[in-house]
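*Asks:* Sequence:
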Amino acid sequence: MTLRFRMAALAVLALGTAATSAHADTCDTERLPQALETSMQQITSAGQLQKKLLELDGHVSRCPDNPWINLMGAAMDMQVYDAMVQGTNNQITQDSYNYLLRAFARSNAFIAVPAENRRDQLAIPLPSGGVGQLKYEAASTNRRTIIESLMQIARLGSVHPYLAAETPPVCDGWLNSDTQTIGYASKTKADLIFQPFLDGAAAACWNSEEGRLPLAVTAKTYANLVGRDEVTEPEKIRELLEKAEAARDAYLEGRDFDIFYSKFDSGRLDNQLRKHGVNPQAGLLPRDLWFTTQHMRSEKMHFSLAMALSEEWAGIAARMAAGTETQSSAGALYTRFVYAVLNEGREAGLEEETRAALRFALKNVQESVVRAPAMDGQELPPQWLYDVLMNTAAALPGGN
1 MTLRFRMAAL AVLALGTAAT SAHADTCDTE RLPQALETSM QQITSAGQLQ KKLLELDGHV
61 SRCPDNPWIN LMGAAMDMQV YDAMVQGTNN QITQDSYNYL LRAFARSNAF IAVPAENRRD
121 QLAIPLPSGG VGQLKYEAAS TNRRTIIESL MQIARLGSVH PYLAAETPPV CDGWLNSDTQ
181 TIGYASKTKA DLIFQPFLDG AAAACWNSEE GRLPLAVTAK TYANLVGRDE VTEPEKIREL
241 LEKAEAARDA YLEGRDFDIF YSKFDSGRLD NQLRKHGVNP QAGLLPRDLW FTTQHMRSEK
301 MHFSLAMALS EEWAGIAARM AAGTETQSSA GALYTRFVYA VLNEGREAGL EEETRAALRF
361 ALKNVQESVV RAPAMDGQEL PPQWLYDVLM NTAAALPGGN
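Using our numbering, read the sequence shown as starting at 1 and increasing by one per residue.
Be a bit skeptical, because a hint or two may be false.
[Stated by the list, open to error] Per label pair, the in silico range of CB-to-CB distance:
| hint | residue 1 | residue 2 | range |
| --- | --- | --- | --- |
| 1 | P234 | D120 | 27 to 37 angstroms |
| 2 | K300 | P196 | 13 to 23 angstroms |
| 3 | A164 | E379 | 47 to 57 angstroms |
| 4 | P373 | K263 | 12 to 22 angstroms |
| 5 | N90 | Q48 | 37 to 47 angstroms |
| 6 | A164 | E233 | 20 to 30 angstroms |
| 7 | E235 | P114 | 36 to 46 angstroms |
For the record, the hints were derived by calculation from the structure and aren't laboratory data. On a predicted model such as this, the values are computed, not experimentally measured, just so you know. Think of the CB as a built atom: it goes at the ideal place given N, C-alpha and C, for glycine as much as any other residue.
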């Protein structure tokens, strides 16, 4: 059941964590099973919560260096924190915040222990019989809950020094995890309070061979904030997109797209870079490379050609809308541009391939699969012009 009671019910509980000496073997063989059994107990009253907390605090104080006992203490602190917040109508008090801070400290104590000393323990004999388990997933879930709670408080105006990156972070697996938690939850302009953390995490892992995940998260987070129009100031848009582009490029250096940063993510960032004029050529193949055997049939060449056609027509359409270009002259200009592309391909000895590329690109433009930012509010090429070009410049040998 969900507990709801006043903060005073826990006021007598001390937050001290003074350590007493304990042999590691005693902690592992005696204290750890006892703490695990205590942590597994179900709570149905405030009294039971208080008793459970006192018992786990005792284990932590006697085994301050044991990672798993610290983890169980952190999980207990989060139970108390949640209960106290619920008991004060979701108001976070200094007393409840203290439990959150201690949970964070105990989570850090777990992390500080070398990984080989905190491997999963799958068969721990319990004092009352049976066995229990301690697994990495529990530590990960607890850590995520702690970070999310710290983020909630930060949004209320009190940013924890860790989230403010007051101390440069160290690039490791836990920083990767924390960055995911923070980055994926940053969905509004107000969440830019976490930018120092994301910037710091990306900087810490910039040259890492294995731990570059914060770069991918940072790139996606900033691109998403701009893409959702959460950020409207041109200078801030440029700053975020430049950082996203640099982080994306560093993450992908020497590696392929993956589940953390996909081809779609990269394309979406390129769209934002072009749309806001930060990098008009983002994601595009330079024209002098179009008509080469290496790139002629590539997806990037086809996209770049379609984007060039869309941009060309956008300018023509704008002049038509302003009354400075007739439909007839507009058709002639667009046709001239298309034939210029065909002639370049012909001169490179790739006429057939160029016609095929034009056919694909013209279709993508006409169906708005590829649409230049300047096309916003503009009409597509008229159907008659599209049909003419598909049957002439883009016609394949032997007919359509």
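*Asks:* Within 13 to 23 angstroms: is that where the Cβ-Cβ distance between K300 and P196 falls?
*Replies:* Hint violated: Cβ distance 35 angstroms, outside 13 to 23 angstroms.
*Asks:* Take a look at whether the Cβ-Cβ distance between A164 and E379 falls inside 47 to 57 angstroms.
*Replies:* About 50 angstroms separates the Cβ atoms of A164 and E379, which means 47 to 57 angstroms holds.
*Asks:* So the hint says 36 to 46 angstroms: do the beta-carbon atoms of E235 and P114 match that?
*Replies:* 44 angstroms, holds
*Asks:* Given the range 20 to 30 angstroms, decide if the beta-carbon distance of A164 to E233 lies inside it.
*Replies:* 22 angstroms, holds
*Asks:* Has the hinted range 27 to 37 angstroms been met by the Cβ atoms of P234 and D120?
*Replies:* Hint violated: Cβ distance 50 angstroms, outside 27 to 37 angstroms.
*Asks:* The hint says 12 to 22 angstroms between P373 and K263; measuring C-beta to C-beta, is that right?
*Replies:* 20 angstroms, holds
*Asks:* Range first: 37 to 47 angstroms. Now tell me if the beta carbons of N90 and Q48 are that far apart.
*Replies:* 23 angstroms, violated
Hint check: violations occur at hints 1, 2, 5; the rest are consistent with the structure.
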